[in-house]
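Please arrange chains H and G on chain Y, whose structure you already have, making use of the hints.
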Amino acid sequence: MRRSLIGRSWPNVIAVVLFVFFIFPVYWMVATSFKKDGDIISKTPVFIPFHGTLDHYVTAVNAKNFWTYVANSFTVTVGAVLASLVIATLASFAIARMRFRGRKAFVLVVMAAQMAPWEVMTIAVYMISRDNELLNSLVPLTLFYMMMVLPFTIWTLRSFIAAVPKELEESAMVDGCTRTQAFVKVIFPLLAPGLMSTSLFGFITAWNEFPLVLILNKEQGQTLPLWLSSFKTAFGNDWGATMAASTMFAIPVLVLFVFLQRKAVGGLTDGAVKG
Amino acid sequence: MKRQLIAAVGVAAMVVGLAACGSDAKKEGGDSGSSTAASSGKKDYNGKTLKVWLMTGSAPKGWTDSVKAEFESTYPGSKLDFQEQVWDGIGQKITAALSEGSVDVVEVGNTQTAGYAASGGLLDITKDKAYLGGSDWAANQNEAAVLDGKQYAAPWWVSNRVVAYNKDLWAAAGLKDAPKTLEEFYGNLEKLKGTAGVDDAIYMPGQEWYVYFGLLTSEGGKIAKKEGDKWVGGLSSPEAKKAFETYQKLQSYSKAPKDKDEATPQQKDVFAKGNVGTMIGLGWELPKEEELSASKIGFFPLPGKTADKASGVFLGGSNLAIAQNSKNTDMAKDFLKVALNDKNEGLVAAAGNIPNKESLSGQVAGDFAKAAVPASKQGAITPNTPNWASVEDKPNPIKEFLTAALQGGDYAATAKKYDDEIAKRLNQKQ
Amino acid sequence: MAVHSERVHTQSPDSGKAAVASIETSAVGGGANGTPKKSARSADGRSFGAKAAPYLLLLPATVATLALLGWPLLKTVLLSFQNLNRRQLVMHLTEWNGFDNYKEQLTDPDFWAVTGRTVAFTLVNVVLIMAGGTLVGLLLNRLGKWMRLVLSVGLLMAWAMPVVAATTVYTWLFDQQWGVVNWFLDKFGWHSMADYNWMSDQYSTYFVIILLIVWQSIPFVAFNMYAGLTTIPKELYEAARMDGAGAFKIFGSVVFPSLKPFFLATTFLEVIWVFKAFTQVYAINAGGPENLTRNLPVHAFLEGSSGQHYGVGSAIAVLTILMLVALMAYYFRIMLKQEDEL
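Same order as they appear, the protein sequences are chains Y, H and G. Those letters in the first sequence? Residues 765 to 1039, by this note's numbering. Those letters in the second sequence? Residues 979 to 1408, by this note's numbering. Those letters in the third sequence? Residues 2 to 343, by this note's numbering.
Please keep in mind that the hints were generated in silico from the structure rather than gathered at the bench. All residues carry an ideal CB built from backbone N, CA and C; glycine is no exception. Hints may contain errors.
Stated by the list, open to error - Calculated pairs, DSBU-like style, for lysine-lysine (alpha carbon to alpha carbon, straight line, at most 35 Å):
no. : chain 1 : residue 1 : chain 2 : residue 2
1   : G       : LYS338    : Y       : LYS949
2   : G       : LYS104    : H       : LYS1203
3   : G       : LYS104    : H       : LYS1071
4   : Y       : LYS800    : H       : LYS1372
5   : Y       : LYS828    : H       : LYS1402
6   : Y       : LYS930    : G       : LYS235
7   : H       : LYS1169   : Y       : LYS807
8   : H       : LYS1372   : Y       : LYS807
9   : H       : LYS1238   : Y       : LYS800
10  : H       : LYS1266   : Y       : LYS828
11  : Y       : LYS868    : G       : LYS76
12  : H       : LYS1169   : G       : LYS188
13  : G       : LYS188    : H       : LYS1227
14  : G       : LYS52     : H       : LYS1204
15  : H       : LYS1029   : Y       : LYS807
16  : Y       : LYS930    : G       : LYS52
17  : H       : LYS1227   : H       : LYS1029
18  : H       : LYS1057   : Y       : LYS828
19  : H       : LYS1407   : G       : LYS104
20  : H       : LYS1208   : H       : LYS1372
21  : G       : LYS104    : H       : LYS1233
22  : Y       : LYS828    : H       : LYS1395
23  : G       : LYS338    : H       : LYS1395
24  : Y       : LYS949    : G       : LYS261
25  : Y       : LYS828    : H       : LYS1238
26  : Y       : LYS800    : G       : LYS76
27  : Y       : LYS807    : H       : LYS1407
28  : H       : LYS1171   : G       : LYS261
29  : H       : LYS1407   : H       : LYS1071
30  : Y       : LYS828    : H       : LYS1021
31  : Y       : LYS807    : H       : LYS1145
32  : H       : LYS1394   : H       : LYS1203
33  : H       : LYS1021   : Y       : LYS800
34  : Y       : LYS800    : H       : LYS1039
35  : G       : LYS188    : H       : LYS1402
Said to hold, decoys possible - So these bits of chain Y aren't anywhere near chain H, every CB distance computed over 10 Å:
no. : residue
36  : ILE805
37  : PRO929
38  : GLU934
39  : ILE979
40  : SER994
The following block holds chain Y by itself, in its conformation from the complex (with noise of 0.2 Å):
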């Protein structure tokens, strides 16, 4: 009896011990931006802000141009994914759904494109943004993002339209719809947690991406990964500022995927097993 208590607890446990693992860095983040500096820089952490303070929030918002960050980001981003998305949807179709001459190629090209190095590409990225006079804008940004994104895109798609049931479509078309009513009629609603999954994602990496627009957009266009990276060295070790510019920086991640976190999930979790 008492064994078995034992047997069916530690995996409770277990379960427990990883989600501190897993929280703290998170929980430590937030917290540490409610609280006033004195009990930042403390020898003996405080662990719940009952004092807690705003100022950090009105140093992190008040720092300048941070509206203007916050409009790039989201223009950035939000245009990325979309215009992957629109494109993804086209390519994947084609090579979930047709035997054609090059689809072997394509599909080659997708999964290297995928792995491309964009970190170690800043330099070419650079050049030709500035031969091309393309530089503190938000256009060329948004094209690179979309690229970065892009492949994942085309193969996540691919996988959720292969499994749709051909029968499905084709039942729709023996009721009068065409091919492409029967794709928007059919397809598409059942794409719906792999265009969330692949959003999510394209919205992280977007959202993300530092090495290119610091390179890039010098004086216009600059996104908040900058704004973030400008804390750590305009406040030294103004912990409780820099914090609070990460939670901000967190907060529409996070609060993305509370929301598609089922479909996500799922769709990430298809994508990648049927990959």
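For chains H and G alone, kept in the frame of chain Y given last:
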């Protein structure tokens, strides 16, 4: 302390004397200024914007406002756009901006000016030097703005580090006078260490390479020198070793990390906590008034091994340069003229930095400057060679050297390793 | 039609109502063995459109890929053959220097040290991520509804943290003076850690970086693993248990074979992601101390952008890309086989 004060007052008096001598020059400057103002009245910068990059914390208080107001009223319809840049990764940023022509005037560190000049990014202003008032520029500052006999920048100001101390803690440790020798200073630090309320006797992270550079200067050493047509690093020299020993001794009194520089975190923020006895810093590195009042902070030059001479210092400073690719070079020149005139340069002095003309030294004000000016006599600057800037590129081998040696690495091997790196960078082709 | 009877499901909608519909079906048939039909179709007069349809659908993606990825790649290769330093960048000069940049790198012991480190770093991370992720996934499958939700929330939070924010938080957690980690270690008896500087040593810096990457990557693997586990029919477990198989045996005989594609895909993705990890390594300690945690992307950045030797940086980038391609080769072969089946 008293003797120190007397010395400081003496120097200040001397400087005032110099300033008095220089007042004629000042008038001349004023004259030439008014004459060019007349000629420049014809110039029309209406609707044009001049983009100027300044480094964080570089412009003295009120300087940008004053320059902006003066320039924009002199040239109606024109606009000055000051943009503040952070030091982190600045080399790459400035290079990019110079290549794009997206900036008109840049502030460049005096150790890095030769590098930018050699890259072809800076406008040759040799012909405009006199127009800009350059005949009066202090020779030791102008040196860093010249490469191969051509003027590529205008000196703006220089400054050097001194010891800042927390007066309350200093008193609590029973200390009165500023130390006259390093030995005395070590003794002071020892006392501070054992004083209640002192968390750190001196805040000195391991990578304060400017301090090390100063100590190297005291020993008569060079960070690098040219042998034939090749540069060799100077860390392995006996002078460098002696300088390092002093540096290590000083650093041993600090709890600060050995692998950080004074800017991460900003040492002024650490000092502001009020439990740090001393730090070695610049005039702008003062805590915010509400955190630690300036009245509670005293200054003295880092003493030397003997009482007759303070330790050497690194004469860091900034030049203002015009971008070769700027589309507003005339406007940029007139900007420099306004920015560097006696009134605005006076603000530099008032903020405690050393202005670009000796005639203005008399206006140097504040406790900091009183300690800094005498120490600046022992000042030196890094080799004026185009590749020097790349030595300061991340990861700076001098900083890495200091960390490695402080952490107990074998001195000879470590010095050799980083000498090689310094040489590699200095000898690379453009 | 009879020719394609084995593919009857793809042919049935061939009612010729809408252009798109007929175009696509014929395209499906127009593969390697579709020759007879093709000729039949050309009489129809829609063959060109039919053949063009997939290409039209792929056109935007292809154009985007060529312009936005192909071009930068080509440019990187071109730059890698140039002497491109500060002067050349500022003056817009093009100075070809053949294989000089490559020679310099390939004969530089630093480059090989960085390469070896990158491989080892990738290996350690991926092993930890896959092992950790699999175990957490198995745990999720075992937990009750509530505990599963709790753990999921924790995993989700770690996963959703933007990398830039996460690295900032980790530097704060491991701060020498005020970091909560040092406080914990001190409190629990490891007093020498009270003021320990994590960034002063290669291995402790690596510890922080690896912890960060593993922390952020495990949720992805764990969720996938869990989702994969739910697709395994219960009967399989039961059958294995009837045969007297233990937990390890079940994993080996039931779970692993069923989820082999998952393990393959995820491992591969993680290998690629870790191999090119830049933000975490750079933001934690900029490849320090003494360059001892530099990996290839950070090396390319520090030599190229930061050190302003853009040609050299590009050469390192090309070498990195070549290594990635080599890594991909094996996986691609397997994937392509799967493509045949699809």
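Output the numbers, in ascending order, of every earlier hint that fails for this structure.
The structure conflicts with hints 5, 14, 15, 17, 21, 22, 23, 26, 27, 28, 33, 35, 36, 39, 40, although it agrees with all the remaining ones.
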